Amino acid sequence: MASMTDDLPSARPLLPGGGQRDRVLLVDDDDRIRRALSLALDDEGFAVSTAASGEDALTGLARDSVDLVLLDLMLPGVDGLTVCRQLRAQGDLPIIIITARTDSVDVIDGLEAGADDYVTKPIVAGELAARIRALLRRRRPGTNATHLRVGDIDISPDEGRVRSLGGGGTEVHLTRTEFRLLVELVAADGRVVTREDLLRRVWGYDYLGDTRLLDVHIRRLRRKIEPDPDEPTLIVTVRGAGYRAKSRTDADER
Amino acid sequence: MPTSAERALRAPVLLPRRLPLRWRIAIAFALVSLTITGLLAAVTWQLASDFLVDKRVQGATVQAALDVRLVQNALRTPGVGGVDSLLTGLAGGQNATVAVRNDGAWTTSGRSLDPASLPDDLVALAATGTPARQRIVAGGIPVLAIALPLPIPDGVYVELAPLTELDSTLRFLSAVLVVGVGVSGLLGLSLGGWAGNRALRPLIDLRDAAARVAAGDLSARLPEYADADLAPLAATFNRTTADLDRRVRRDARFAADVSHELRSPLTTLINAVAVLRRRRAELPPTAQQALDLLDADIHRFQRMVTDLLEISRDEHLDERDLEICGVDDIVRHAVAERPGVTLELPPAVPPARVDRRRLDRVIVNLLDNADHHAGGAVRVGVDTANGAIRIEVDDAGPGVPVDMRHEVFERFARGGSAGRRDGAGGTGLGLALVARHVHAHHGRIWIEDSPAGGARVVVEIPMAPRDDT
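As they're listed, the protein sequences go chains A and B. In this text, residue positions in the first sequence follow the working numbering: the first is 1, and each later residue adds one. In this text, residue positions in the second sequence follow the working numbering: the first is 1, and each later residue adds one.
These are calculated hints, taken from the structure and not from any lab test. Since this is a predicted model, take the numbers as computed values, not measurements. Accuracy of the hints is not assured; some may be wrong.
As the list claims (entries may be wrong) - Here's a subset of chain B near chain A, in silico, CB distances under 8 Å, partners left out: (1) Ser85; (2) Thr88; (3) Thr267; (4) Asn271; (5) Ala272; (6) Ala274; (7) Val275; (8) Arg278; (9) Gln289; (10) Val305; (11) Asp321; (12) Ile324; (13) Arg358; (14) Asp360.
To be verified - If you anchor each label on the Cβ, the simulated ranges turn out as follows: (15) A:Asp31 to B:Arg280: 43 to 53 Å; (16) B:Gly340 to A:Asp206: 14 to 24 Å; (17) B:Ile324 to A:Gly169: 18 to 28 Å; (18) A:Arg223 to B:Trp446: 42 to 52 Å; (19) A:Arg223 to B:Ser219: 46 to 56 Å; (20) A:Val192 to B:Gln289: 46 to 56 Å; (21) B:Ser219 to A:Arg163: 49 to 59 Å.
Where is the CB? At the ideal position from N, CA and C, for every residue including glycine.
Chain B with its partners taken away, still in its complex shape (with noise of 0.2 Å):
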């Protein structure tokens, strides 16, 4: 639920928010346009048609008041013709129809017509002297129906006035304005996209930097905008993810430069002790358990170096490392040491694209960490799941609370037997270094229960494509 105060500081909100803001800006551009255009169709369409049914009313009736008096005078002058050809020559031209009621009696020409379908009121108001006029639909057509009263009993003279091509005028007239309408929409929605785009295009760039950054490539930058607005905005990302990478990267190279100091003496040291373990007996008893600490701790702290300078080595696999070969040789191989340690392979494991050296490591590392901290690994099981080689360890130990499954990973976690500093015990970097070696690989590890109560570590690592082996 949102607090009052986070209520305060939102927007109105006239669009969901679901929709992505280029989405939103888009949609109101599109609703702006559409009102406007909408607005101007509306007055457009209200004077035009006003005006040309004006036009039309005006000339009908003209030319009705004109027929009428001709007709007036035929009944008048009976005789030549009679009202019925003039009736018909009236009618002729224009697709019209006349009607002249003499004495109830009514008298048409041109277009058929039934006089009863005319309206009453209109008959009515005629007969009785005013003239009038309505638009009906007569025949299956629209008309303008004039009636006029004719000088003889109950005599109405009606004149209807096609109005098919005013219709069909307006009829285009309103098709054009609703696309011009619909047309000025589309218009609005993809300029206000376009518009959306490239004013987010800058956020888009921070999004995509921001996200490499997030997984782990500090070389991402945003280009120099020279926009005032946005160029602060991309010289304090660039400026700060300068800086994280020169950090790391100088961690990184402080602690190569500290272990590769470390090799010159620790050869020095490693080989003297060597020459002392030779002559072990040849001292006396105070000397040798000094010398059997001595030699003890110098190979722990050579692993170390290694395993340091290891660690702080390029994360990035060397092409020329890799080659194609099967990861069962390797665990095969790594677990042939370790008798107390069930072996589970399938039948065929296909081939992987790998370091041999850093997943012998890996195996390794995970096995020497059983045993310093788990009471050993008692089996290793090999499998194919989604894809990848999936290579599990089980050891003996009390497993790993879900808490600190992610934090032994991390350099120098001494997880269950922290302090433990005797001369078996692991350099502090082993699942670290193993972690570092399977994300290089583009695999995946993580600690789960195994069925047997221990910890299960799971490593995967993807097989070699197809076209690869």
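Just chain A, same shape as in the assembly (with noise of 0.2 Å):
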């Protein structure tokens, strides 16, 4: 089986600027599409490693670290899906999925299975490339808070920790994607935060995200920090609008 880095057409480690280039694994079994792909990934400033399968994937990450990995669900052996969750088991790896249909089930599989972000074939380098930025991108939330609270969730956007204090301070475990979308919404303090304005700001949608994508991280998100997910009382829906937090004023009411 091909290294990690063999298909890479030249090995530039640095941005001309000097910065670090993000490091992206493009595991995909079709190799037109990944030679093709690395080579337009490149142009784009990201340092690009491949995988033909599931193993190869799985094996060359657990020897070089990378900054994301782009999953085709399609893989022979080892499926995108099982790669997926059990990357997801091992941390917070920004994933995003590839997938050939737009089917809702495929989609949301891949979402179910702990993919931050997903793109449909065929592929455009550019468009992928701002998806991956916005998933990389380590911008602070818009509040100046050390510490948000909801209900019994703390969180502390500095550290980019989240602790259920009901739970005697245990770490809650979020993905990066989770973790900013819970900053968002508690940070809106009891307001309704639209489908568009979280779409735009966790995943950089300008304008028309898919609220698939929405849909399945809010009931990721609840599982995790809901004392019951099927009866949300910390992140609730708003028909029609969006997504609010319960607020300190709505905890004093109770």
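Hints are included, so try docking the two chains, each in its own frame, into the full complex.
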């Protein structure tokens, strides 16, 4: 099997500006797509390594660390969903899944398996690069607070840590996307945040983000922080508008 | 006007053809039932009334014959009690009246009677020695008048036997018969209705199933009938529909498969060309021109594959893609990038439950289509009408001829600019995709003339139900 860096056209570890190039692992079984996308993403400023199968991807990741994984769902052997779940179990490495289908089921399965975003073929490197940058952006959330609270959940935006005070201060493990979503909602302090705003601020979609992307992430987030995910009290849906997190004043009323 | 052949083919019309077959069957049943029971009732009436009347008449006649003999005896032996008391006794028990004319003077007994009201013929006949009887109405009740001669000068004996009882019996009988005939008519009607329904049920099933198929539901099937007359019909219908269903699915899958298979090579092409484009300046002029051509057509190709895949997708909306949102927002956003377009929005637009992505696609495609085929859009209006949100896109073109207004929504219809295949042209699927998305939202789309002279495409999307907002 090819090593992870075989396909790289040129080894340019540093950007002309001197900054570290973001490392992206592209997992796709189609050799021609791997080569063409590598070239184009390299032009977009990413250091691309590739893997042709799920096994390759997992062994490669065990050896070298990357900043983000582009994962085709249809892979021979260990399939994309399994790889996705396994990576998610190991940490919060950002994952963008590549699907050939726009059917809801495929996309939702991938997102449920822990992916942060998805793109559909045919992939245009310029658009993909925008999605990658949005995910890797370490923009400070729109708040200066050092601590945010929602229910029993304590959030430290600076440290990127979330603890559940009810559970004796145990840390809640959120992916980076889930974390940013939570901070955006809680920082609004009880105001409704529209779906469009969330899709723009968290995923960088300028206008027509996929609502399924948001729905699945809200569901994942609720599963991690709500006492009862089926009867959410911390992050509630406002029909026709968006979502709002319970504010401190709400807590007093209860 | 029906031709003579058509007229010849027609069965004789007993009932108006406007009536549904079911009603015609029911009415025919009712008529047959009425006729039969009516005949039976008439015969029954005839026999029963004759019999009863005869019996009564015979009884009264025998009674009168006995009575008159008593009167004769009394006349012959004057004295004890006389005729008067005898008459009283005779009239007594039975609500009858007896009258005796003796020498021009009437003696009556029983119910009061004006002897002058007796028919003259009857009395005259008896006076000449011939017994006579006649049914008359005396004192307000029907009676049988029996007149018998008496062996005295100008002597007539008249006995009036009341027929009230017989009359009420006959009236009751006739009422029973009339009601019976009526009931049997109603029974016939309902039996006919039931039988018609039963006989027509397969036809109604067929009608419903055919309507569902016509409306696009190819999963409609007829139940399996055990009846030898119906089984072949159901089997044929089901087989035809299944074939059609299979063919439609196969076509849709084929288009989906093709565009699906094209996605991988297309990804390679797009990205390889992107790499080349970035290095365009390094290429010789000829290669640059070739690259430009390649670049433009690859993007057209990409749009076409995306459209083809989208149009071959399941038409039904996925619940998970629907959200309540403002159509005006989507329109405003789509129009924002086009400076030449006037946007007319009402102060408030009610929300609709839509798939934003598809609705955005609808508006963008309509604007693109106006750009490609009709000199660009000049005005986009949003309004509400008949419980729907109405979007109008007016273009600067020459308008669309009436006979072309359906056709333009067909796949690969290319309207006035047939054969045009420049880089800016559409994929030929734009309006078909628009129509498909609009129909998926249970909306309507059509083309009319805009007041400014161009074509106006009108889209109506139903508003969200009130409790949904």
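**OP:** Give me the numbers of the hints this structure contradicts, sorted from smallest to largest.
**Re:** Checked against the structure, the hints that fail are numbers 1, 2, 9, 13, 15, 17 and 19, while the rest are satisfied.
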